[in-house]
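The residues making up each chain are set out below.
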Amino acid sequence: MPDRVLKPDVTMASVLSVLGQLPLLESVGESNVASTLYDTLDWRLYRSGLILREDQTNGSREVTVLDRHSSDALAGTRVGEVPRFASDLPAGRLRDRLAKHTKIRAVCPMAEVRSHVHRFKAVDMNDKTVAYVHVESTEVPTDSGVRRLGWRIRVEPLRGYDREADRLVHRLEESFGTTATSDDLATRALQVTHPDAGRVHPVSGTLLAPDTAAAEAFTEVLTQLLEAVVWNEKGVRSDIDTESLHDFRVAIRRTRSVLAAAKDVLAPEPLAMLRPEFRWLAQQTSDLRDLDVYLLGFEELRSELPPPADVGILPLRGFLRSARDDAFAQLVAVLDQGRYRSLVNRYRYFLSHARSTVGQPQASQPILAVASERIWASYRSLLRHGRLVDDDAPIEALHDLRKRAKKLRYLIDAFRALFPDDEIAELIAALKQLQDNLGELQDCEVQTARLEGFAELMTTGSRTSPATLSAMEVLIGHIRRREAGARAEFAEHFARFDRPRNRKRYRGLFRANLAGAE
Amino acid sequence: MRILATYSIKGGVGKTSAAVNLAYFAARSGERTLVWDLDPQGAATYCFRIKQKVKGGAKAIVRRRRELDELIKGTDYRDLDLVPADFSYRYMDLLLDSVKRPTSRLRKVLKPLGDEYDYVFLDCPPSISLVSENVIAAADALLVPLIPTTLSVRTLDQLDAVVAGVNTGGVAIAPFFSMVDRRRNLHCEIVSSLPEERPEILSTQIPYSSSVEQMSVRRAPLGDYSVRSRASEAFRSLWEEIKGRVAWPS
Numbered sequence: 115m116p117d118r119v120l121k122p123d124v125t126m127a128s129v130l131s132v133l134g135q136l137p138l139l140e141s142v143g144e145s146n147v148a149s150t151l152y153d154t155l156d157w158r159l160y161r162s163g164l165i166l167r168e169d170q171t172n173g174s175r176e177v178t179v180l181d182r183h184s185s186d187a188l189a190g191t192r193v194g195e196v197p198r199f200a201s202d203l204p205a206g207r208l209r210d211r212l213a214k215h216t217k218i219r220a221v222c223p224m225a226e227v228r229s230h231v232h233r234f235k236a237v238d239m240n241d242k243t244v245a246y247v248h249v250e251s252t253e254v255p256t257d258s259g260v261r262r263l264g265w266r267i268r269v270e271p272l273r274g275y276d277r278e279a280d281r282l283v284h285r286l287e288e289s290f291g292t293t294a295t296s297d298d299l300a301t302r303a304l305q306v307t308h309p310d311a312g313r314v315h316p317v318s319g320t321l322l323a324p325d326t327a328a329a330e331a332f333t334e335v336l337t338q339l340l341e342a343v344v345w346n347e348k349g350v351r352s353d354i355d356t357e358s359l360h361d362f363r364v365a366i367r368r369t370r371s372v373l374a375a376a377k378d379v380l381a382p383e384p385l386a387m388l389r390p391e392f393r394w395l396a397q398q399t400s401d402l403r404d405l406d407v408y409l410l411g412f413e414e415l416r417s418e419l420p421p422p423a424d425v426g427i428l429p430l431r432g433f434l435r436s437a438r439d440d441a442f443a444q445l446v447a448v449l450d451q452g453r454y455r456s457l458v459n460r461y462r463y464f465l466s467h468a469r470s471t472v473g474q475p476q477a478s479q480p481i482l483a484v485a486s487e488r489i490w491a492s493y494r495s496l497l498r499h500g501r502l503v504d505d506d507a508p509i510e511a512l513h514d515l516r517k518r519a520k521k522l523r524y525l526i527d528a529f530r531a532l533f534p535d536d537e538i539a540e541l542i543a544a545l546k547q548l549q550d551n552l553g554e555l556q557d558c559e560v561q562t563a564r565l566e567g568f569a570e571l572m573t574t575g576s577r578t579s580p581a582t583l584s585a586m587e588v589l590i591g592h593i594r595r596r597e598a599g600a601r602a603e604f605a606e607h608f609a610r611f612d613r614p615r616n617r618k619r620y621r622g623l624f625r626a627n628l629a630g631a632e
Numbered sequence: 042m043r044i045l046a047t048y049s050i051k052g053g054v055g056k057t058s059a060a061v062n063l064a065y066f067a068a069r070s071g072e073r074t075l076v077w078d079l080d081p082q083g084a085a086t087y088c089f090r091i092k093q094k095v096k097g098g099a100k101a102i103v104r105r106r107r108e109l110d111e112l113i114k115g116t117d118y119r120d121l122d123l124v125p126a127d128f129s130y131r132y133m134d135l136l137l138d139s140v141k142r143p144t145s146r147l148r149k150v151l152k153p154l155g156d157e158y159d160y161v162f163l164d165c166p167p168s169i170s171l172v173s174e175n176v177i178a179a180a181d182a183l184l185v186p187l188i189p190t191t192l193s194v195r196t197l198d199q200l201d202a203v204v205a206g207v208n209t210g211g212v213a214i215a216p217f218f219s220m221v222d223r224r225r226n227l228h229c230e231i232v233s234s235l236p237e238e239r240p241e242i243l244s245t246q247i248p249y250s251s252s253v254e255q256m257s258v259r260r261a262p263l264g265d266y267s268v269r270s271r272a273s274e275a276f277r278s279l280w281e282e283i284k285g286r287v288a289w290p291s
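Protein sequence lines correspond, in order, to chains U and F. According to my numbering, the first sequence holds residues 115 to 632 in order. According to my numbering, the second sequence holds residues 42 to 291 in order.
If we strip away everything but chain U, and leave its shape as in the complex, we get:
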């Protein structure tokens, strides 16, 4: 049963004085409670109606997932320190609940809440506690001073004593002439510290009317993507988890795909300047992302190694962590550079004027026709090149195909709101299977090359044991086998992508609009 909240229209002192005299209610003291509210940078808990609260009282620390609106505790546990990731928690309801929403993202402190609590216990005729009554006044420290959130009475029933708690609430209502209410304390506290709590910048799904002029629609999509770049940049700098960098890169890649598709829609000179600059920016993030991927998958890779290689490989993790620290520092330096700042500023200026572009052949055509044409062309190009890849094709041909598949995917993502959602979802699912296969090939290729590079660095930079180098060789062998497996599966994946049903779906969704537009 949820806690009941009462907000009497009298002073707190008079309430405390009355409570002290009620029969079957006894004071059990008062205390200061410091709580911190946690969420992921992209407000995953908040957006699911939840919040993670850490309470510190008398040296003990407890974390609880709350229903943000009712303040009901859904799962909680005592901890030594607040976990960053759900996986840091012991198995149980709290971990499951948190993992379901936060997934790979870390939680970070969003607001502090300080309460002073007078606590009473309500007992029955057997002197058995049936509920606790908390009279609590709450404040939230902010950069500009402390904001008071007021005071309230909260009745917390013990499990199985709902009826007794209801009777108590009724008694309190009679005493103070007030009625039980709901109090979204966590939401109020978060809105004090983060007026935009719960807001995230979409990286896709921009709502567009099909007959919007192409220049306006492209500008709208690119503006949203720029906001996503800038928003994720904060997360990259704070380095709370690896997802901000991932989202930062996705926003950049989508920007590049849409810029490439903006030919004949937006002015050519700025596009010619912006495209290489975004390419440069994407390159600056690659090292750090590669190392993140290594570290995220390290335990899984290790678990696949036979002994003693599974132990011998451990020093590589230390090396990777140190290389990651360097790569992170380098990326932050890039983000501080004038070149990045200037790119963002010039790009923002360009977009602020691009909406009303004139003089480009397709600037005023309906976006449905233009987006369909771009997606159809990208799809045709992927098919054409994919059909040329046979078992003897060089690996470069497969990498080229991976890039084409990505371009297609980003274009579909950018303009998906123009098409029926269920059909697009099926189409993306089929494309994703092909992308996964091509991605695995690329990952294996990069990982092998990087491991060979690491081995060289580790032997020259410090004393690395032969056991570690030999474990790395085992790992390289293992990755090569994975790569060979992915290579062997390519034909099957491509054939599935190229099957008649999928081709019909692309024709129906994109070529049909093209014909109509002509």
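No lab work stands behind these hints: they were computed from the structure. Incorrect hints may have been included.
[Unchecked claim] Taking lysine-lysine pairs in the DSS-like style, the calculated list, with each CA pair at most 30 Å apart, reads:
1) 152/F / 96/F
2) 100/F / 51/F
3) 214/U / 92/F
4) 235/U / 94/F
5) 235/U / 96/F
6) 100/F / 214/U
7) 242/U / 92/F
These figures come from a predicted structure and were not determined experimentally.
Following the hints, put chain F in place on chain U, whose structure we already have.
This is chain F only, laid out in the frame that chain U set:
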């Protein structure tokens, strides 16, 4: 969730005080703990000042008309809940006999609580019955209080025979000496000799103590009113020893 049952064929050996105090210390150490008082006499329920009544009685539980979750009462102690005893539990044997697969019914009833609790303590009535077969089938371990008398060995032998006759998931038997009176030579002799014969006996001994008898007067676990007493300390150590038994099946 691990299910631990305080069980003995004999009565008056300290089952309820073990269930109440071990559960109290389990909860104190941060484990989410539930006690199910299966004894119709309801001594554990009384100790926690909870009313001895279950909506729908034993029939509602055995026939699954009511989930156990709905019957749980919070005790005055954090992380420690209780399913109360009910006088109708005295007919539980008959009710169990009327359902399909009667020996696995209690395990089935407890299963939905798997995510909610770390430890469940079953406080069982002293008997050899369908209820005890259910308890043996459901439990990960039987915590068996032994008063150090010559009959102790016989009690353990009988228990082995009962357990052998039940299809269990590999229940561990963890006897421990209870109500040990160091002033009595017989107690001292048995406490030192029996573990050689029965190495599964836990090393912590619960002393005979008037503070334990006070539980029914105070209506609280020892840790609540006599935390520094020898008996309270012994239950705390016994809990640590039980928790450390990593070899138990999960």
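(message) Run the distance test for residue 214/U versus residue 92/F: straight-line Cα separation, threshold 30 Å.
(response) 38 Å, violated
Just to be careful, I want the Cα atoms of residue 152/F and residue 96/F compared with a cutoff of 30 Å; is the pair within it? 20 Å, holds
| Under the criterion that the straight-line Cα-Cα distance not exceed 30 Å, is the pair residue 235/U, residue 96/F satisfied? | Holds - the C-alpha atoms of residue 96/F and residue 235/U are around 26 Å apart, at most 30 Å.
- 30 Å Cα cutoff - pair residue 100/F, residue 214/U: 37 Å, violated
Hint check: residue 235/U vs residue 94/F, CA-CA at most 30 Å. Holds or violated? Given that 30 Å is the threshold and the Cα spacing comes to 23 Å, the pair holds.
(Q) For a C-alpha distance cap of 30 Å, please report whether residue 100/F and residue 51/F respect it. (A) Distance ~26 Å between residue 100/F and residue 51/F Cα, so the pair holds.
Quick one, are residue 242/U and residue 92/F close enough, alpha carbons at most 30 Å? 9 Å, holds
Checked against the numbered hints listed earlier, the structure breaks hints 3 and 6; every other hint is satisfied.
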